[in-house]
Amino acid sequence: MRSRPPQAADPSPVRRGDRWTRWLFVAPAATYLLLFFGYPIADNVVMSFQQYTVTSFYTGDAPFAGLRNYAAVLSSSAFPRTLLTTAVFTAGSVLGQFALGLAFALFFRRRFPLGGVLRSLLLLPWLLPLVASGTTWKWMLDPDTGVVNAVLRGLHLTSSGVPWLTGTSQALLSVVLVNTWVGVPFNTAILYGGLQDIPPNLYEAAKLDGAGPLASFRHITWPLLRPVVSVVLVLGVVYTVKVLDVILVVTGGGPAGATETIATQSYELSFRQFDFGRGAAMSNLLIVLSLVFAVLHLRADRRARTV
Amino acid sequence: MTSPARSSARRIAALLTGLLLLAPAATGCGDRTGSGPSGGEVTAITALDYYTDQAEHAQWGDLLTACGRTVGVRVEQTSVPGASLVPKVLQQASSRTLPDLLMLDNPDLQQIARTGALAPLDGYGIDADGFAPGIASAGSYQGKLYGLAPNVSTVALIYNKDMLAEAGVAVPRTWDELKAAAATLTRPGRYGMAVDANATFEGTWQFLPFLWSNGGDERQLDTPQAAQALQLWVDLVNSGSMSKSVLNWTQADVHDQFVAGRTAMMINGPWRIPALEQDADLHWGVAPVPVPRLGQSPVTPLGGEVWTVPQNPSKARQQKAAQVLACLNSPSNMLTLAQEHHTVPSRTAVAAQHVEANPSMAAFAQSVAVARARTSELGVEWPKAATGIYTAIQSALTGEQTPEEALSHAQQTATGR
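These protein sequence lines map, in sequence, to chains A and S. My numbering puts the first sequence at residues 1 to 307. My numbering puts the second sequence at residues 1001 to 1417.
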């Protein structure tokens, strides 16, 4: 319509136009986020304050329940144990995944024959459908006929076999082990990426200064990897706290509720007992937990950048 | 408040479908979302079930097609996996896109009927006369019939004839005989008995014959009768006659253990018969679930899928669906289905006929005649009690709690505390 004015002379119309275009570019992503993440979360929050049953799906009628769902969930006699199980499961899995992931990442940083092949093999657990790997683990851990106990018996480490899935404390260990196995590839991949960013000449310099492998890990690798470590750990917590499929497939929350976490409880309430209001309340606790860690993550991230 | 949004979404969906599928589908679509009863002649109806197993899907597909032909409609069958049927039905209920003919597992019927999404069958002259009383009650909600199952099943004791003969053990009829037999049959690498004591409704379902036959009741779980039943399972595990792994086994796992010769007896259903028959070297027999004392008859839970007619704006479609449902439940089709799936026809007279031709079904048919629907007493409250029961089983079998403690806790779960 009119010719583009020189920028320095009259910046404001251009900037306004810019602002519109900027919004235009943001709009698809923003719409997507609002539609597919914002709406379900908002809906879940609303649902947790409603008495939402099977009938509500058909009639659209869900009476307001106030805080009753939260009260019921929090005061349930099983809740303290569920919370503790969730904490143990999450901490155990995250630490296990991280330690193994870091070990593998450090190992594969060295160049050796078939290193590439082995590294891609390590990603396999990630590619398998969880139900398939979970079922296989369930078979392997079967106390009577599973291969794990067969090996342990063969090595004379145990005579009666470990009740991997039938002992209340062993079952929790089992799901932690399986979930660790599932998460190692992710940790390895991210940490390996982080290691690639550390300039190799630092190590050479350290070597010249007489630093051994331990010292160069402590003074070079670890400090430079720190930002990546905090990302991996926080993401690990957020991913693990909501794990459902591994537990459902391997132990189904049993025996005697020993592997029941907030996530499996929420599933149980919603899809087995059809109490969607309480299920939503339970899953909102998970969202709050994840948010806490997300904030921690952002903080850690900012500090890492400013330092 | 949500209905305008819903109907516009439906209109958009219809438009898109029409565009994609072009003329023929668009007219089909028109009849469905169109102006209801005056939608013209019905040429096709939709059906939803969970028969995803290829053979089963085909067998039901054939029957639906045949029944459709007799009433002059094409039946479009869709099958989804068992676990996703109810979630799918809930989605469809909220978007008013339920199929014309819907299959449900019988304990789910009351939940869905309560929503008002299903049409009562009495309006179509369909009743449950001549059906096993358990299945009639499973298909009813607040005194009205909403669903009918052409064939039903229950559980019984399946045993390995060779192992029993070799150990010189008679087929156990009572709990004491069961304990003794299981102990005698147990040896290295083999357990005498197996059940599914899984932390799911399947575990509850397997325990019900023991609970009910002893006079236990799901309305009041903290009774001596219930504790005795649970004690029986605890004894079997503690004596080593039953693997502790039952805590983690599904019914399919129990079956695999039996076929592999790692257990001599198991509780399972007739739907396992085709697989059992595949192994010519396996000689098995079926007996009723053992009862507390001689002379009692076992009270077992009723399994089977009921067919229902969801509410539909087009009464003409609903009419056709009801006619197909009636056809599925006709005596001759029941017999065909029972033959194909090794189940029991749900009409008592037809069941007798079926047993004459298939003696191995006698134990199942006998149990079905007096079998109880899981929802007959608690109705929509059943899932809570069922959760309480399997939790109690798990606590008792792991030794976390005594049967009495576990069941009093279960009673708290069931009453929602």
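Among the hints, a few may not be true.
[Claimed, not checked] Computed cross-link-like contacts, DSS-like style, restricted to lysine-lysine with a CA-CA straight-line distance of at most 30 Å:
hint, chain 1, residue 1, chain 2, residue 2
1, A, Lys138, S, Lys1315
2, S, Lys1384, S, Lys1088
3, S, Lys1144, A, Lys138
4, S, Lys1315, S, Lys1161
5, S, Lys1161, S, Lys1384
6, S, Lys1161, S, Lys1088
7, S, Lys1315, A, Lys242
8, S, Lys1161, S, Lys1179
9, S, Lys1315, S, Lys1088
10, A, Lys138, S, Lys1088
11, A, Lys242, A, Lys138
12, S, Lys1179, A, Lys242
The hints are simulated quantities; they were obtained by calculation from the structure and are not laboratory data.
task = Find the hints from earlier in the document that the structure breaks and name them by number, from lowest to highest.
result = Checked against the structure, the hints that fail are numbers 1, 3, 4, 5, 6, 7 and 12, while the rest are satisfied.
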